[in-house]
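Protein chains in written order, with my numbering: chain L, 1 to 79; chain H, 1001 to 1618; chain E, 2001 to 2119; chain G, 3001 to 3489; chain R, 4001 to 4228.
Since the hints were made in silico from the structure, they are not lab data.
It cannot be assumed that every hint is accurate.
To be verified - Label-pair distances were calculated between CB atoms; the ranges are:
(1) Ser3315(G) to Met4001(R): 45 to 51 Å
(2) Val3263(G) to Met1573(H): 45 to 51 Å
(3) Leu1027(H) to Val3002(G): 23 to 29 Å
(4) Thr2058(E) to Leu3465(G): 54 to 60 Å
(5) Leu4144(R) to Thr2058(E): 50 to 56 Å
(6) Gly4190(R) to Val14(L): 45 to 51 Å
(7) Lys1614(H) to Glu79(L): 39 to 45 Å
(8) Leu3(L) to Val3002(G): 45 to 51 Å
Claimed, not checked - Computed list of lysine-lysine pairs in DSS-like fashion (alpha-carbon distance at most 30 Å, straight line):
(9) Lys2056(E) to Lys75(L)
(10) Lys3026(G) to Lys1022(H)
(11) Lys1574(H) to Lys3100(G)
As the list claims (entries may be wrong) - Anything over 10 Å on all C-beta distances counts as not near chain E; from chain G, calculated:
(12) Ser3025
(13) Pro3049
(14) Tyr3098
(15) Val3132
(16) Tyr3142
(17) Ala3143
(18) Leu3161
(19) Ser3169
(20) Leu3172
(21) His3193
(22) Ser3196
(23) Ala3197
(24) Tyr3344
(25) Ile3351
(26) Leu3401
(27) Lys3430
All figures in this text were calculated on a predicted structure; none of them were measured in a lab.
Cβ atoms here follow ideal geometry from the backbone N, Cα and C, with glycine treated the same way.
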Amino acid sequence: MILVISLLILLMLVAAIAAIFFKDLINAVIASCMVSLIASILFYFLQAPDVAMAEASIGAALVSAVFIIAIRRTKRYEE
Amino acid sequence: MSLEFLLAIAFGGSLFTYVLGKISSKLRESFAVLISLTLVVMIVCLYGKTIEKSFYFGFLGLPLILRTNMLSWLFAIAISVLGSLSVIFSLSYIKNRERADFYYLMLLLINAAMLGIVLSGDLLSFFIFWEIMSWSTFLLISYNRGAALAAGMKYIIMSTVGSMAMLIGVISIYTTYGTLNISEIAASSNLASSGYILSILILFFTAFGIKNAILPFHSWLPSAHAEAPSPFSSILSGILIKMGTYGFILFIYVIVGLNKFLNLGHGVLSFRYILCILGALTILIPTFIAVLQDDAKKLLAWSTIGQAGYIILGIAFGTSVSVAGGIFHFFNHAVFKGLLFLVVGAVEYRTNGIRDLNSLGGLIKKMPIAFIGALIGICGLIGLPLTNGFVSKWLIYKTLILEQSPFLAFAALFGTWGTILYSYKLIHNIFLGQLPEKYRDIQKSPFSMQLPIIVLSFAILLFGILPGIPLKVINAIGVSFGLESLSVTLWGIASETGALNTINLFVAILVGCIVVAFIFKAGQKAISVGQEDNYAAGAAIPKDKYHYTVDFYNPLYRMITPYLKDFIDAFYMKLAGWTQNLCSGVRRIYTGYVGHYVMYIVLFVALLIFIQVKWSLW
Amino acid sequence: MTFLHDYIYYIGAFGLIFIGLFIMLVKHNLIKVIIGLSILETGVNLFLIAVGYISKGTAPIFSNSAVESERMVDPVPQALVLTAIVIGVAVLALALSLAIRLYHHYGVLDLRKIKEQRW
Amino acid sequence: MVSPVLLIVVPLGLAFAIPLFGFISKRIVKYIPIAAFAFNLAVALLLIPEVLKHPIVVRIGGFPPPFGINLVAGPVGVLFSVLIAVAGLLVAIYALTYIKEGSKEKYHMLYLLLLTGATGVVLTGDIFNLFVFFEILCISSYALVAYIGDRAGIESAIKYLIQGAVGSSFLLIGIGLLYGLFGTLNMADLAQHIESASPISVFVPMVLIITGLGIEAAIFPLNAWLPDAHSSAPSSISAILSGIAIEVGLYAVVRVIFTIFGVSSIFMFLVFLGILTLLIGEMCAFSQKNIKRMLAYSSIGQIGLIVFAMAMATSLAVTGGLFQLVSHTLGKSLLFLAVGYMIYRSGSMEISSLEGMGKRMPLTSLAFTIGAFSIVGLPPFVGFPSKFLIVQAALAKEAVLFTGLIGLVLLGTVIEGAYFFRVVQALYFKKGNGDSERNEAPVTGLIPMFIFVTLIIVIGIYPKLLTDVLNSAASEFLNRIDYIRSVIG
Amino acid sequence: MKSIISLILLSVIALGIAISLDKIPFGVPKTKIGDYYIDKGREETGAANIVTSVVVNYRCFDTLGEVTILFIAAIGLGAVLATRRKKEKREIEPASLVLYAGCRFLFPLILLFGAYISIHGHLTPGGGFQGGVVVASAFLLAYLGCRGRRVSETGIKTVESLGGLVFIVVGLVGLAVGGHYFLSNFLSKGELNSLFSAGVIPIIYIAIGLKVGSELTGVIDHLVEESE
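Just chain L, same shape as in the assembly:
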């Protein structure tokens, strides 16, 4: 169990680090979306289902949608 969690956390950190390096902002947003998703899974493991729901719906879905809309209205690539 703990190994699975460690793996998830590793994945989460890798996704976060990946967000640093992506030049395409959409990719970076997806990476951060992934961070949120894994965080919401972790919340579930930490016995916080309410927060897990909120994080999944807000952090993963809504924020990413807002990011993508914003990127559509500005510039997609980081120079």
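Based on the hints, put chains H, E, G and R in the right spot on chain L.
Here is chains H, E, G and R on its own, set in the frame of chain L:
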């Protein structure tokens, strides 16, 4: 007559004048004159009274106290008289200028604040009135615009520095003695260590020195005096800077006490001696800088600094004669310098703001009253016998010689020579010689300008012939300080080391004048020639350039100019420049790039944590 | 293994926090900075929940009376995080709308070039 | 008896209701903030006599303090509430005609919420609740800075937002650490337990919390957002940001340091930080050409002075600091309000474009002059007694170090005097280049300025009006034992 | 260069936090407040979900602040993105049929789901926030699928306002009748684990749900509005 009533009239009157000005200018002017004359009458009524009374509400738990005694009265009467004369002078001077309401408001406000300063019985109200005076003076100096703005800035910055020093001093006294009442502090100041008193004195004397323009702090004065409206220049020079003198007297003789003061430091390094040296330098250098000036008001301004040196010298020297001389010289300086500024103001008024000595001349026939005023004024300034300046300078010289201080005596005498030079230049270049073409049709100054000039000229002669009148008051002040009493007669001072009797002088000079008049009559008549009647090989002469008053004292200039650079002022300007550069440099930390700002935040956290982890300071 | 058990959540949470801060420190692109902010906020939330966790606890919900005997995790941090998440989304939405407007005005999102307000 | 909770709830409810009022009539919307703050002012003034006897502790939802959220209406809280209500009321009157562009409804809602957040911060007794209200304050200020939507406003708002968001994340981490260490969020309860932990482990949350709050309070390295935001916002908002928002941030910092942590060892550091903030603020203001930026930097300087005073942590010093805070609120709000219409008339923020305003807008210029004199600390205006108290407190320490530091403070005052006097000269004594006919600010602009001027002069002449409240407020800050006892019981 | 400095600074902070974390062991109970809520929460509030009882009752002032923040964000977004130009009818490229049909099918279901989550907040995981977000995501979907359809702004504003007002009014009623405490739980607690229980909690949570849903919808609406 209660003092708060007097101050209420003074302050309320100034505000009410402003309100009236919105209705009608006539009403405003008559009300301003009325208020200032009322103040004179009220202060005259206070003569000889000693009142000390706390005001009915305090400030932050500190009582506000008003009081009057002989010293306050002398200053108050000088303020109110000169103030009312300059209000009268302003009637025509300021008539057609814009913003006259503002002018009167500030003029009366400054007078009221100065009255507040001399009537306050505790250091807190002293400081409050001092500050009100400072900022209203700033507003009035800037009134003329143009070059006046820079002058005003210079004044207010130096004045703020002084005020801040004073604020520290006031509060330090409060934390040490638990009171700000001047008489209570005076009673308990004997207990303090001389180190503490010295530091307090340095703080206060910075403030007073800046206001009084003694040497290292003088640089605001010339431009401020020159650029202010002339009636206000006369107040500025006659009274306002003397608030510093009042402070010096208050601290040396009332609060610290003469004995303690004389014992601060030893020998050459004693506080008193240093103050005397500063006074002497303040006489010497500015007097000769005054000779170099081409602007009438600037010349008078530098002369003011020089004369302030005499006053400080007299007060700081600390014998009963010298103190009497110093205080009397303050009084006289208020009279004759006030007069001279008014005269220059009258000339400036008629010539549409020309004060350049190189382009004036020959106004004697056009403005005779002004000429007589100027003549009497410079006689007083030089200290010719039968004018009041003679008596006060005589008192100062006498002490210096008797007490065997050759350098100080030399400085005082040498300063007088310089005074003669620039005084002559002033009167010659304005009134004597030939009248330039453009001033052919100049009018006499209006009556409201002549009246103050006449009154002040009369006062100079009166106090010169009968010096006993003010000296009696001054003697009473000296006695209240615990100095020896002088035996004052109506005609002067009787003492074993050499009496002063103006009656003898009067007779001697009268005889001398008659003799000179006969010789003059017996001589040849001078032939008068037109100004353009010059031979220059047929070429046209540019009038301005070859006006004969240009480069007056040229040889002397060439001799002394290299030694008379105002390096102190240059240093201040440099300091201001450095500050400006530093300020522009500092604000570069706000680079505009958010990454840096976030970096500052992270840096702050990291730094604190690092310090705590490394050294466990907290 | 005990090390992992004791610290892995903290490592994850602060890993996210520092990665988020790092992005905000070194990246010039405004959207990237806002992404960093969102990662930072996720990390903070994870940390708060981790503080409230109790080993072998259950979720603080009495769905039926049988579970009463068991230990429950601390509900307070969960309540705080619910609040914090909503605050976070509010800030992000506002930031993105500002970014859109900024792009309107400047035509770039490079913060190094958006330096009209300075000194 | 009126409940202090009304101070928060009524403006909040009215803000929520504004869209509904908007359906009835667009016109009445702008009067709602006035009504709300008039109500708040009345409530806060009614509370004063009661609060001076003993602080009122309000339990939200009826749960006893460590378990529920509670409000603590002590002298400090009510003092700040009065201040917020006064400034809010006057600036709301000002905004009646000043706000012309954009959606007015949104402006008034955000304005109400901004000040509600400020009231909440000063009244709450729970640190997470403080965070929430702090966010209300911050987020509505981000939105209001960007309200006009021009280049400068948007740029400043995004910069402000990024720094503020980093700060609130730090704050939240700090709160989380504290909760982990002590298992409670109530400030009094935290204060009670704070000594039980080792100093080093408490230090990190303290630094994080101070940093998070210090960003809003504009303490030196954290204040880079301030000049941008204050100069780009609409002037009425600048007045509130400068007069209320940073003061409330400072309140939070002081509350956290004095009451929760009670660390006296960090005070010396804060004294130096205050001096540094003061000097840097004044020096930056000195070379500004933009009037609103100059005022903003001057606010930094004033905040430095207040931090300096508070960090001396004697009763006199804290009283002086609070007095300075009040005088800064009055003076700086007045300055921004006055400058608002001047900029509106001249169309530029350059100081040079304000030349000759003394003639065009005499009353507004007079208000500016009085505000400037008050900020510099000249008698008989309110800035003087406050500066007097601070200097007195520093000298009462009887240490050479503090005498030297007060010298630096007064050096800062000299610089401040220099740039304010320069502007006053520009207003009155320089010829304007534009038209010079009289064009005064409208009455709704003049009324608040007039009230501010009256307050400045009246309190300046008779400071006893305030000193009672300030003294008990200072003792509330300094006596954390009493605070804990009054909350926990 | 800059990243190296940043890394150094961050590692210093990490060190400090590690020192502090050393005193906060993971997974160990540390709080009396949490225990109090778990012990007394059911009697005092009547909600089975303790998190809900904390959010809506013990710490409901935070929640009030939180919906206010979302409200501010929605208004602020509107103020920032407000456009002065007239909205003209534009040609909008219709979404693909699959998306369109899917959206129309899913939209009511998602709304229902959101309502369920909101209403059962005191019994099961979830509550007003989560429900509100789900409702908002339904509208997001509608924007994706049925382009050109707009929610009426007036409606959003009304719901937003009403939600907030219900919250405040419930609180004020509590102040008036419920023992003089703002937001006190003055209704009967009912039976644990039944829908009509826990006093004012469901009412407030529904209000929160409506408010959060409408605010987030408003946010999305403002963002999408101009994206073409």
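The hints, checked one at a time:
Ser3315(G) and Met4001(R) have their C-beta atoms about 49 Å apart, which keeps the hinted 45 to 51 Å range intact. Taken as a hint, the range 45 to 51 Å holds for the pair Val3263(G) and Met1573(H), whose Cβ atoms sit roughly 46 Å apart. About 52 Å separates the C-beta atoms of Leu1027(H) and Val3002(G), a value inconsistent with the hinted range of 23 to 29 Å. Between Thr2058(E) and Leu3465(G) the beta carbons are some 59 Å apart, a value that agrees with the proposed interval 54 to 60 Å.
Separated by about 38 Å at the C-beta atoms, Leu4144(R) and Thr2058(E) break the suggested range of 50 to 56 Å. One distance hint, 45 to 51 Å for the beta-carbon pair Gly4190(R) and Val14(L), holds here, with the actual separation near 48 Å. For Lys1614(H) paired with Glu79(L), a C-beta distance near 40 Å keeps the hint of 39 to 45 Å intact. Checked against the hint of 45 to 51 Å, the pair Leu3(L) and Val3002(G) fails, with Cβ atoms roughly 60 Å apart.
For a cut-off of 30 Å, the pair hint linking Lys2056(E) to Lys75(L) is broken: about 47 Å separates their Cα positions. In summary, the hint linking Lys3026(G) to Lys1022(H) is not supported, as the alpha carbons are separated by about 41 Å, beyond the 30 Å threshold. Our distance criterion of 30 Å between C-alpha atoms is broken by Lys1574(H) and Lys3100(G), whose separation comes to about 47 Å. Listed as a non-interface residue, Ser3025(G) keeps its Cβ farther than 10 Å from every Cβ of chain E; the least gap is roughly 29 Å.
Interface exclusion of Pro3049(G) from chain E stands, the closest Cβ pair being 36 Å apart, more than 10 Å. In this structure Tyr3098(G) is separated from chain E by more than 10 Å, as the shortest Cβ-Cβ distance comes to about 22 Å. Annotated as non-interface, Val3132(G) brings its C-beta within 10 Å of a C-beta of chain E; the closest such distance is 6 Å. With a least CB separation of 6 Å from chain E, Tyr3142(G) falls inside the 10 Å interface cut-off, contrary to its annotation.
Chain E draws Ala3143(G) into its interface by the beta-carbon criterion, the shortest separation being 6 Å against a cut-off of 10 Å. Separation of Leu3161(G) from chain E is inadequate, the least Cβ-Cβ distance of about 5 Å not exceeding the 10 Å criterion. Taking the minimum C-beta to C-beta distance to chain E, about 5 Å, the non-interface status of Ser3169(G) is violated against the 10 Å cut. Its beta-carbon lying about 5 Å from the closest one in chain E, Leu3172(G) breaks the requirement of being farther than 10 Å from that chain.
Against the 10 Å criterion, His3193(G) stays outside the reach of chain E, whose nearest CB is about 16 Å from its own CB. Non-interface call for Ser3196(G) relative to chain E: holds, since the shortest CB-CB distance, roughly 18 Å, exceeds 10 Å. Distance check for Ala3197(G) against chain E: the nearest CB is about 15 Å away, which clears 10 Å, and the non-interface claim stands. The claim that Tyr3344(G) lies off the interface holds: its Cβ sits roughly 20 Å from the closest Cβ of chain E, which is beyond the 10 Å cut-off.
At the 10 Å boundary, the C-beta of Ile3351(G) stays outside the reach of chain E, the nearest C-beta of that chain being 15 Å off. In this structure Leu3401(G) is separated from chain E by more than 10 Å, as the shortest Cβ-Cβ distance comes to about 32 Å. Its beta-carbon lying about 24 Å from the closest one in chain E, Lys3430(G) satisfies the requirement of being farther than 10 Å from that chain.
Hint compliance for this structure: hints 3, 5, 8, 9, 10, 11, 15, 16, 17, 18, 19, 20 are not met, and every other hint is.
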